[in-house]
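Those sequence lines, one after another, are chains A and B.
Residue numbers for the first sequence follow the working numbering, beginning at 8 and rising by one.
Residue numbers for the second sequence follow the working numbering, beginning at 4 and rising by one.
Some hints here could point you the wrong way.
Which residues of chain A face chain B? A few of them, derived with a C-beta cut under 8 Å, are [stated by the list, open to error]:
(1) 70
(2) 71
(3) 73
So these bits of chain B aren't anywhere near chain A, every CB distance computed over 10 Å [what the hints assert, rightly or not]:
(4) 82
(5) 83
(6) 90
(7) 109
(8) 127
(9) 138
(10) 139
(11) 143
(12) 166
(13) 174
(14) 205
(15) 207
(16) 230
(17) 239
It is worth saying that the hints were derived from the structure and are not from the lab.
For glycine and all other residues, C-beta sits at the position ideal for the given N, C-alpha and C.
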Amino acid sequence: MSLSVLAQEAAAAGIDNKGLAALTYGLGAIGPGIGIGYLVGQSVQAMARQPEAAGMVRTTMFLGIAFVEALALIGFVVFFLAQ
Amino acid sequence: MIFGLEFPPLSHVVNWPEFIGDDTWGINKVVLVYGFAVLFTFLIFILGNKKQLVPTGAQNIAELTVEFVEDGIVMDTIGPQGRKYTPLLISFFLFIFFCNIFEIIPVIQMPATARIALPMFLALFAYVIYHGAGFKEHGPIGYIKHCLIVPGLPFALHFLVVPIEFVSKFLVQPFSHTVRLFANLLAGHILLVTFGVLSASLWGFGPGLIIMPLPALGVVAFTAFELLVSVLQAYVFTLLAGVYIGAAISHEH
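Please build the complete structure, drawing on both the sequences and the hints.
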């Protein structure tokens, strides 16, 4: 099924562009959500196992969060562009 | 429309009318915030430069910032040879932090970084710095090779990897560097506006009185959250600038 057909069906069902944009942002936030959760969970585990390495783990964790988060934020910008 | 309320369009939330001049050279709230941020950054650099043995006042803040940036960012991402980038990264950190923190300062309540112009300028500035540093370190040909060619790959795979590396290093990297700061602050600003609108529309005596405190509490809670975000995003932007500089001048591969 092509995207235009989906859009037409959505329009017929009364879902406007804004609703689709919000839905798409929600879909785009799933991946980064799982990613950040996993990342922070593993980092906390690493810090608990080896407290002396906490500083290094924290820096790397923020770096990883920044990279994962970018996807969600691009989704957020696309949400405003699409609506 | 959110919850049946008239939500202001995005342009009303981030566009401010100029009060001096007009259009390109006009001075509006955002320009004022830039001015304040530059002023405060300079003040910390000047007032913090007292060199007392027992620091007091502004010197405390300055030394705290220097220590935080040097130990937490420069040493971890670039290494000891990155010491000369410490002043640059401190300026990045302080300037972005002051631009962000105006998000929650009453009356002003506008993060200058919620307009894409400033994050984009800073990201392009950092782009020029780290690629410039790489060119200086490796020479033009050497730097292109350092950037694009992943060592130890089979020959045929280079046809696949070089374009990917090119796009990610030279195009996506500054873009994501920009959007990360911009979208975080814009999202925070919109969050605060949403709860502000909710609180304002429930104001008054009536059935709304029962649930009125909830969005007001939301404003307080999210203001505290945005304080965290504005520090964190300044840190993340600076950290990434450090990582990019470190990747450009490293000699490992």
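(message) For residue 205 of chain B, is the shortest CB-to-CB distance to chain A above 10 Å, so the non-interface label stands?
(response) Residue 205 of chain B clear of chain A: closest Cβ-Cβ about 23 Å, beyond 10 Å.
(message) Minimum C-beta separation from residue 139 of chain B to chain A exceeding 10 Å: can you confirm that?
(response) 24 Å, holds
(request) Evaluate the condition: distance from the CB of residue 230 of chain B to the nearest CB of chain A exceeds 10 Å. (result) 17 Å, holds
(message) Using Cβ atoms and 10 Å as the threshold, tell me whether residue 138 of chain B really stays out of contact range of chain A.
(response) 24 Å, holds
(request) Mind checking the CB of residue 73 of chain A against every CB in chain B and telling me if the closest is under 8 Å? (result) With a minimum Cβ separation of about 5 Å from chain B (threshold 8 Å), the hint on residue 73 of chain A holds.
(message) Minimum C-beta separation from residue 207 of chain B to chain A exceeding 10 Å: can you confirm that?
(response) About 29 Å separates residue 207 of chain B from the closest Cβ of chain A, which puts it past 10 Å; holds.
(message) For residue 109 of chain B, is the shortest CB-to-CB distance to chain A above 10 Å, so the non-interface label stands?
(response) The claim stands: residue 109 of chain B keeps its Cβ more than 10 Å from every Cβ of chain A (closest is about 26 Å).
(message) If we take the beta carbon of residue 239 of chain B, is the closest beta carbon in chain A still more than 10 Å away?
(response) 5 Å, violated
(request) Hey, is residue 143 of chain B genuinely clear of chain A, shortest beta carbon separation above 10 Å? (result) Answer for residue 143 of chain B: holds, closest chain A Cβ roughly 28 Å.
(request) Over 10 Å to the closest beta carbon of chain A is the bar; see if residue 166 of chain B clears it. (result) 20 Å, holds
(message) Checking a non-interface call: every C-beta of chain A should be farther than 10 Å from the C-beta of residue 127 of chain B. Is that right?
(response) Correct as stated: the minimum Cβ-Cβ distance to chain A is 17 Å, above 10 Å.
(request) Mind verifying the non-interface call on residue 82 of chain B? Its CB should be farther than 10 Å from each CB in chain A. (result) 13 Å, holds
Checked against the numbered hints given earlier, the structure breaks hints 2, 17 and satisfies all the rest.
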